[in-house]
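So the protein sequences, as listed, match chains A, B and C.
The first sequence begins at 1 in the UniProt record's numbering and counts up one residue at a time.
The second sequence begins at 1 in the UniProt record's numbering and counts up one residue at a time.
The third sequence begins at 1 in the UniProt record's numbering and counts up one residue at a time.
For the record, the hints were derived by calculation from the structure and aren't laboratory data.
Errors might be hidden in some of the hints.
To be verified - Pair ranges (Cβ atoms, derived):
(1) Gln243/B to Ala175/C: 50 to 60 Å
(2) Asn41/C to Asp205/A: 17 to 27 Å
(3) Pro382/B to Tyr64/C: 43 to 53 Å
(4) Ser215/B to His160/A: 23 to 33 Å
(5) Ser194/A to Gly116/B: 24 to 34 Å
(6) Leu98/C to Arg209/A: 14 to 24 Å
(7) Asn41/C to Val26/A: 37 to 47 Å
What the hints assert, rightly or not - Selected chain C positions facing chain A (Cβ under 8 Å, derived; list incomplete):
(8) Leu105
(9) Ile232
(10) Val238
(11) Pro287
(12) Leu290
(13) Phe291
What the hints assert, rightly or not - In silico negatives: residues of chain C with every beta carbon more than 12 Å from chain A:
(14) Phe45
(15) Leu73
(16) Gly151
(17) Leu173
(18) Ile192
A virtual CB, placed ideally from N, CA and C, is assigned to each residue, including glycine.
Each chain, written out:
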Amino acid sequence: MTSDTQTHYESAAEALPIGTPRHHVVIFGVLLAFLIVAPLVLYPVFLMKVLCFALFASALNLLLGFGGLLSFGHAAFFGSASYVSAHAAKVWGLTPELAILAGTAAAAVLGLVIGALAIRRQGIYFAMVTLAFAQMVFFFALQAPFTGGEDGIQAVPRGHLFGLLNLASDMTLYFVVVAIVFGGLLAIYRIIHSPFGQVLKAIRDNEPRAVSLGYKVNRYKLAVFVMSATLAGLAGATKALVFQLASLTDVYWTMSGEVVLMTLIGGMGTIFGPLVGATVIVAMQNYFAGLGAWVTILQGIIFVVSVLLFREGIVGVVARWIKKPL
Amino acid sequence: MKLKTLALAALATTLMAGSAMAQTAIKIGVLNDRSGTYADLSGEGSVVAARMAVEDFGAADKGIDVEIVSADHQNKPDVASNIARQWYDQDGVDVIVDVPTSSAALAVNEINREKGKIFLNSGAASTDLTGTACAPGTIHWTYDTYALANGTGKAMVDAGYKDWFFLTADYAFGHSLEENTTKVVTESGGTVVGSVRHPFPGTDFSSFLLQAQSSGADVIGLANAGGDTVNSIKQASEFGITQSGQALAGLLIFITDVHALGLETAQGLVLTEAFYWDLNDDTRAWSERFSAEMGGSKPTMVHAGVYSSVLHYLNAVEATGGKDTEALMAWMKENPSEDPVMGTGTVRADGRHMHDMYLFQVKTPAESTGPWDYYKLLATIPAEEAFRPLEEGGCPLVE
Amino acid sequence: MFELLGIPPQALFGQLLLGLINGSFYALLSLGLAVIFGLLNIINFSHGAQYMMGAFVAWMLMTYAGINYWWALLLVPIIVGASGVVIERLMISRLYHLDHLYGLLLTFGLALIIQGLFRNRFGVSGLPYAIPAELTGAQNLGFMFLPNYRGWVVVASVVVCFGTWFAIERTRLGACLRAATENPTLVGAFGINVPRMITLTYGFGVGLAAFAGVLAAPIYSVNPNMGADLIIVVFAVVVIGGMGSILGAIVTGFGLGIVEGLTKVFYPEGSAVVIFVIMALVLLVKPAGLFGRTA
């Protein structure tokens, strides 16, 4: 997927190879400061939801914006991780950090399997294949005994972090979630700016050229697919603990669509775009919940408008104004 | 979350605060499906029913401020638990009512347990609410899968439909419905000759219906719900299954489903409900008022249950003079509920509301005298027989 | 294999026939997708929503205008196809110079809007649409009781599918279409209005979806969500068949319907996923699809 912003971003990123640009450090700093103060004003459960989706959207963005691969089935990773971590915490009685790790690992393995098959096709086919696999995972979640079918896994205990810190309080849990999500975002940032990330962008922009340069393109694609699936899993596993629930919503195809929308509206191929997109969409779902089916229609309209007029996304536009990659 | 946009300030009684009782403000949250499959059988109708209960209770005269808020849980447990959490944490809701869809109800039940509030469920079917998942603040008011399976299963076997074949939705709810009914059928002297599990949600049931047909069973038990049930009934009629002598037993079917199917297709179906608008003068009068507000639709048993449960709750608030969950629950369990809609009932230790259930058969088009004249009463099932015995539920609250 | 013995051959025939009926819908829908993809290089995600619109418009014609099923079969594809033409002109045509994925995203958004609007207006409980009087009743085939209407679905679908195949593969118009797929500039140079051809092709593909919707209306309930899950299955069908060939889309559609029908007998629990499993296998063995040209 190439757009003006991305090409612009490309040139800027090449100008700043390894060292982190100062304005990125500033933004991360401001973000962290905001997150620390925010729960005093805003409902912490809402903030945690935004954070989980921000990480989920950033994980998708790693694949879509930087790998150029549109997965329409990322709910499979998000959802299966949330099931596994819920099961681990509730049935196996694992501590939260281990439950989250278990969920994330499950997503990684699933990512490896689906990724290995999906990268055999390109472009639109790739999107359809991921969608179809995600639907398979959905049916599995619907029928497997341990997922609880329609009920999902409910009353998941939040437990004690490292067996010590009680997470029952929303405030305590909030800071743990901030730590996890912030860690995830930094990891993505690191991946994008590594030599691996550079090769990835080269493949995205011109696959034949990358092949002719001797890169094993499919290995890179698979690697980024697995990384993206893993991080999506991390988000899903964390969400299961926050809401003490893993449900079919997390694996349904509408969830895959939603996260694509978050990435698109925030700005594909930008670093901070998915965060903004997730905030916009989650806030919209929360504050307009009373409108019922209109929320879906509104999401559809945003999709159409973003594609037709606003392909750079919110952060993409801002980046163009300030002439700095974001 | 501005769910308050839908808020209906029922009665403002500041001017009358001089009355004997100290001012109590109650906020009732009606949480149900307002846009999906169950919107017709719960939805706005449940808000209307709750409002009618507040009016009939005469909250204004008794110095109790009642506000009703409502929200759409879209039949998703995650949405339901989100809203419930936010209602309790931020919006000061005291009691949540209705909540159809078992998964959503169980999710709300957990939040409720954690927050120590009261949950009056009318819309959901799962027996777990009064079984392994029972909670000190939860009352399951109207019906459950056991009562439906028991009523319909037993009645059909008694009527000579001995051999059963199940068409089961392949997820937890369908499985438990099949299991419950199988138990009743075998206990009553029938046999289960086979079953087939269909994907959920399904669109084409013809293949499964054909398997049911070739099994030679007397009756096909539909262990599914909503659109799946409606579609199976329709396609059974298309493939001539009912005409060829096999009967259909809907295990979870509401009057709104019958309304959607039309009598031509639904005739002869046997089903169990907790309420029918045309039972007696009281139910007819109440349903008349309900219809006037709902554009002519008749209330379902879920609406009746919302009315009945809210009324009982408000009586408890009046009697205990406060909002203390423990005191309210104790009062509600000690005193019988009494209202014109669902008659007399009691609340059992596990939170099960006990009342009579009714076995109906859907009329033929010729028998029906007008719109919504759908059922003829086959039998009244006494409360003690209708519901699962207390000791079988495995509810930890029962010593 | 011992399970095979448990199924009498007559019952098996019955299930094969039922599979063929479901396959009729897969074939019509995947054909529409393939036609659109062939010329526009766009995966039409709103295909399921347009199938649903077909059923609803038939219902509306019947309810508000008293227009019967047979006229609906003719009018609905034209009406819904026309709405497709408008969508193509106003929106999709602006995306041809971009990555194809944007087309997917756009039509996904459109699907959300269309489904949401119908859900708001009509609820999700489903609306009844009667089987036309001429096709009520059923035939006793000896091995099964076949409702006349279902038989008609197979016939109508086969006729339309092969008519489309013939028009595209065997006529001059079709030759132009295929040529424009290969090289739009060159075909344009021959004086053929390529943009108009593209617009009409999209309209035609959408019309096929609407036609399937009208066929479905009397047997499945007319419901805003009826296309939402179906479209994902059809995507898998398309991946299996490969979108290079019109005939491939048709044959795969019917074939997978039959496979799915058999699964419902031998392993009903797996009937929802069998197509996806086949898709995974095909990807392993023949990534371009059974009838596909290598990308």
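When the structure is checked against the list of hints, which entries are broken? Sort them ascending. The structure breaks hints 4, 5, 12, 13 and 14; every other hint is satisfied.
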